[in-house]
Every structure is written in structure tokens, then in C-alpha cells.
Amino acid sequence: MRNRVREQRSQRGLSQAELAAALGVSRQTVISIESGRYLPSLPLAFRIARFFDLTVDKMFDPDDKELGT
Amino acid sequence: MRSVPPRLRGPLAMLIGGAVLAAIVVPGHGWGALVFLWPFTVVFSVAWYLWGGRDSDFGALIRDRPDERQAQRRLKTQALVGVVMSGTAVVVYLAALAAKVPLWPLDIFLIVPAVTFIIGWAIYREPRDDRDEGPATESPADRLPADDVVSGHRVVVVVLSGDRQAATAPRVAVIG
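Chains as they are written, first to last, in our numbering: chain A, 1 to 69; chain B, 1 to 176.
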């Protein structure tokens, strides 16, 4: 699953700790999401997308294997 | 315990546990047993408290403030502990059976996980409504624009305008 969290965060000049505080998660979780190691839950995915004024499908881009196609 | 800050709960529980253990051990083994027990308890309690102040996944668990990823990691770890303990209990039970030693303490380690699994499966079930509803049924009225749907009346439909060939929605007059 590719995502645009790091890109969007950099564009807004936020640190990982600041984004984590805004989303109500730990800094380690932001790092894991950015690196693609952790797939956030649907509610957290929506929180991330709304924080950056994007839709979830613009924020997260699953590959074909994950979609089962 | 609720009034105690989360970071202090673990160390406090350890100190209380150490005191209870001391109360059990001292009558049988004398005060000398505390020489080994108490330093270990105190050092571990302090270490636990210091660990709770760290900006890490484990620190968040000690502070009882895990986010969803940390909670998931804890859940996976607990599941692993459960699987390993259950497997170990089976192996030890078989070994005890072969050695012909008393089995009753080991029975507990086999029965408790099995019963807990059944109880957990029941507790975390979802409401039993798992029938396949099938495709949504569509009535001819569904094809009409919502404003033209009339219910609760005996109606005679008179086509006032519209083109049958073009299959446009007719305007209707309601009589009765």
C-alpha cells in the first residue's frame, strides 16, 4: 500500500511528532504508516485524509495484490 | 487503582505483589528469603517506572495509552503468548503422563485455555444476522421518479403526456 502521508506532511512543513499529535496517535505509528509497514484502520485513514483535505483513495493507493485482482 | 497515575500502576502492583510474596515466603523460609526477593522487586519496579517515561511503544503500553497500532501489537503478542503457553502445556502434560507424575496441576493449564477460548468466542460474537439478502428487488415503481410514486391509494393511471416509444416517465392523474 503506497500512501502520500510523508509527501503531504512535508508540503505542510509538519514534523512526524506534530502530525502524530494532530491525529492522536504516537510518533512511531506515523513513522510506520509513512514507511508502509502499518496499514491504519479505516477510521484513522479517514482522519488522515481529512486532516490533509484529501479523500481516502487519494491518500492511500493499494496495489493489485492487496485488492485481490 | 483508577486514582493512581497509569505510569505508577505497574510499579505499585509489583511492590504490592512483592509484599504479598514476602508474607507467604517468610514464615516458611525465614527473613533470609527477602534478601533475594526485595532487591529484585524494587529494581524491577523502578525500571518499569523509568521505562514508562520513554517515547516508545512499550512506554505507551506501560502508561496505558496505546494507540491502535500499539494496541494491535500488544494483542498479537498476547496471542503469541497464549499459543506458546498452550503448546507448552500440552508438551509438559504428555511428558508428565509418560513420567507417571501427578497430573492435576497440569490439567488446569489444559482446561483453562480451552474454556477461555469457548467463552471468548461467545463474548466476541456478532449479532446472528448472517443471511445472504440476495440482490435488491426492484419494483416497477422504483423506475419512476420519486415525485411520481403514489402509495396507499387505488389509482388509475392516465397518461397525460410522455412518449411510450421513448419510454419517458409518464405524468399521471390519480383518481379515487
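Treat the hints as calculated values from the structure; they're not laboratory data.
Some clues are possibly wrong.
Per label pair, the in silico range of CB-to-CB distance [to be verified]:
hint, chain 1, residue 1, chain 2, residue 2, range
1, B, G134, A, I31, 55 to 61 Å
2, B, V35, A, R6, 33 to 39 Å
3, B, R131, A, K65, 44 to 50 Å
4, B, K76, A, E66, 34 to 40 Å
5, A, E7, B, T88, 45 to 51 Å
6, A, I31, B, K76, 16 to 22 Å
7, B, P5, A, K65, 42 to 48 Å
8, B, A95, A, K58, 40 to 46 Å
9, B, D129, A, R6, 50 to 56 Å
10, A, S10, B, Y49, 16 to 22 Å
C-beta: ideal position from N, C-alpha, C; glycine also.
For this structure, which hints from the list above don't hold up? Structure breaks hints 1, 2, 3, 4, 8, 9, 10.
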